[in-house]
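Engineer: These protein sequence lines are chains A and B, in that order. The numbers in this note's numbering rise by one with no breaks, and the one at position 43 of the first sequence is 43. The numbers in this note's numbering rise by one with no breaks, and the one at position 95 of the second sequence is 95.
One should not assume that every hint holds.
[Claimed, not checked] Here are a few chain A residues that face chain B, going by a calculated C-beta distance under 8 Å:
(1) Y53
(2) D55
(3) V63
(4) L91
[Claimed, not checked] Distance condition first, Cα-Cα at most 20 Å in a straight line; then the derived DMTMM-like pairs of lysine to aspartate or glutamate:
(5) K68(A) with D124(B)
(6) K93(A) with D119(B)
(7) K93(A) with D124(B)
(8) K67(A) with D124(B)
(9) K43(A) with D95(A)
(10) K43(A) with E83(A)
(11) K68(A) with E41(A)
(12) K6(A) with D16(A)
(13) K6(A) with E28(A)
(14) K43(A) with E28(A)
(15) K39(A) with E75(A)
(16) K6(A) with E105(A)
(17) K67(A) with E93(B)
(18) K67(A) with E41(A)
(19) K43(A) with E105(A)
(20) K39(A) with D16(A)
(21) K39(A) with E28(A)
(22) K43(A) with D84(A)
(23) K39(A) with E71(A)
(24) K67(A) with E36(A)
(25) K68(A) with E36(A)
(26) K93(A) with E129(B)
(27) K68(A) with E129(B)
(28) K30(A) with D119(B)
Hints were generated in silico from the structure; no laboratory data involved. For every residue, glycine included, the Cβ atom is placed at its ideal position computed from N, Cα and C.
If you want the building blocks of each chain, they are given just below.
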Amino acid sequence: MAFQVKRGEGDVTVVDVDGQLIVGNRQELKQTVLDELEKGERKFLVDFTHTGYIDSSGLGVLVSLSKKIREQGGELRLSSLNEDLRTLFELTKLDTLFRIADSREEGLENF
Amino acid sequence: MGPRPGSLDNSPPGMDGSPDFIAEPMERELVFELPNDLLCIEEAVEFVLARCSTCEEVARKLRLNFRVSLVEALSNAMIYGNGRDPDKRVRLEVTMMTGRVTARVTDQGTGFDPQCIPDPTTPDNLCREGGRGLFLMRKLMDEVHYNDQGNSVTLVLHTAGPESFRGEARA
Numbered sequence: 001m002a003f004q005v006k007r008g009e010g011d012v013t014v015v016d017v018d019g020q021l022i023v024g025n026r027q028e029l030k031q032t033v034l035d036e037l038e039k040g041e042r043k044f045l046v047d048f049t050h051t052g053y054i055d056s057s058g059l060g061v062l063v064s065l066s067k068k069i070r071e072q073g074g075e076l077r078l079s080s081l082n083e084d085l086r087t088l089f090e091l092t093k094l095d096t097l098f099r100i101a102d103s104r105e106e107g108l109e110n111f
Numbered sequence: 001m002g003p004r005p006g007s008l009d010n011s012p013p014g015m016d017g018s019p020d021f022i023a024e025p026m027e028r029e030l031v032f033e034l035p036n037d038l039l040c041i042e043e044a045v046e047f048v049l050a051r052c053s054t055c056e057e058v059a060r061k062l063r064l065n066f067r068v069s070l071v072e073a074l075s076n077a078m079i080y081g082n083g084r085d086p087d088k089r090v091r092l093e094v095t096m097m098t099g100r101v102t103a104r105v106t107d108q109g110t111g112f113d114p115q116c117i118p119d120p121t122t123p124d125n126l127c128r129e130g131g132r133g134l135f136l137m138r139k140l141m142d143e144v145h146y147n148d149q150g151n152s153v154t155l156v157l158h159t160a161g162p163e164s165f166r167g168e169a170r171a
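Hey, can you work out the whole structure from these sequences and the hints?
Structural biologist: Structure representation (structure tokens):
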């Protein structure tokens, strides 16, 4: 399974992305998070500890989810991006759109 | 359905280990005819990367710059060029030479004008879901060329020289 949903500290929903977030599986992540949003969850942390690669459609789905979550009064945070992933976020200036934590623990702090 | 190994030209002449060829520019060419299926992109890109002769100094360029750009070119060809039509195909030609890697991706669509793609990093466009593929290709590759019709893109990555990685955002 590419995406695993876990409960973090308190009421934060943590989504682990295993492998890659690309055009072939982005809809699976989108649906996973939207299902949780519909259940009433509002705080999401997407963790990339085990992610090697994201493409532009993966970046796009994160932008789309962040917007939908904000519209419901929630927040989407990201954590544990490797050097390559950080470069992609910086190039596209999406690092200005998301709160990006160095670690899962930091992402869960004061959420 | 993934890339079909049987369709690959993966045995270039002159690469049989003969020392006579060591001083000559080494060139390898891979040619794919891919089905218009997004699920085969990953397998095709991994296949190409595994065959790029590399050393430590260019490893990141291949892993990040080339890989991201190749995936973007293939998905653009399948989604926008071929309009997700499963009956169409995408041609991928990769040439590896000393100092540079070139990939040409050609779809069977009518083409588009690459000048019409807006900058996805402006405040107005930052929150849009799409529109970052071509931008990333241009940032990460040393050269990006479209043919006149706009249905074939050629990506060139320089793998030698003292310059830092293209697209590296850090100082």
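Engineer: Decide, hint by hint, whether the structure agrees.
Structural biologist: Now the hints, each set against the structure:
no.: 1; hint: Y53; result: holds, 7 Å
no.: 2; hint: D55; result: holds, 5 Å
no.: 3; hint: V63; result: holds, 6 Å
no.: 4; hint: L91; result: holds, 5 Å
no.: 5; hint: K68(A) with D124(B); result: holds, 17 Å
no.: 6; hint: K93(A) with D119(B); result: holds, 11 Å
no.: 7; hint: K93(A) with D124(B); result: holds, 12 Å
no.: 8; hint: K67(A) with D124(B); result: holds, 14 Å
no.: 9; hint: K43(A) with D95(A); result: holds, 19 Å
no.: 10; hint: K43(A) with E83(A); result: violated, 25 Å
no.: 11; hint: K68(A) with E41(A); result: holds, 12 Å
no.: 12; hint: K6(A) with D16(A); result: holds, 8 Å
no.: 13; hint: K6(A) with E28(A); result: holds, 16 Å
no.: 14; hint: K43(A) with E28(A); result: holds, 19 Å
no.: 15; hint: K39(A) with E75(A); result: holds, 15 Å
no.: 16; hint: K6(A) with E105(A); result: holds, 14 Å
no.: 17; hint: K67(A) with E93(B); result: violated, 38 Å
no.: 18; hint: K67(A) with E41(A); result: holds, 15 Å
no.: 19; hint: K43(A) with E105(A); result: holds, 14 Å
no.: 20; hint: K39(A) with D16(A); result: holds, 19 Å
no.: 21; hint: K39(A) with E28(A); result: holds, 17 Å
no.: 22; hint: K43(A) with D84(A); result: violated, 26 Å
no.: 23; hint: K39(A) with E71(A); result: holds, 15 Å
no.: 24; hint: K67(A) with E36(A); result: holds, 15 Å
no.: 25; hint: K68(A) with E36(A); result: holds, 12 Å
no.: 26; hint: K93(A) with E129(B); result: holds, 13 Å
no.: 27; hint: K68(A) with E129(B); result: holds, 12 Å
no.: 28; hint: K30(A) with D119(B); result: violated, 25 Å
Hints 10, 17, 22, 28 from the earlier list are contradicted by this structure; the remaining hints agree with it.
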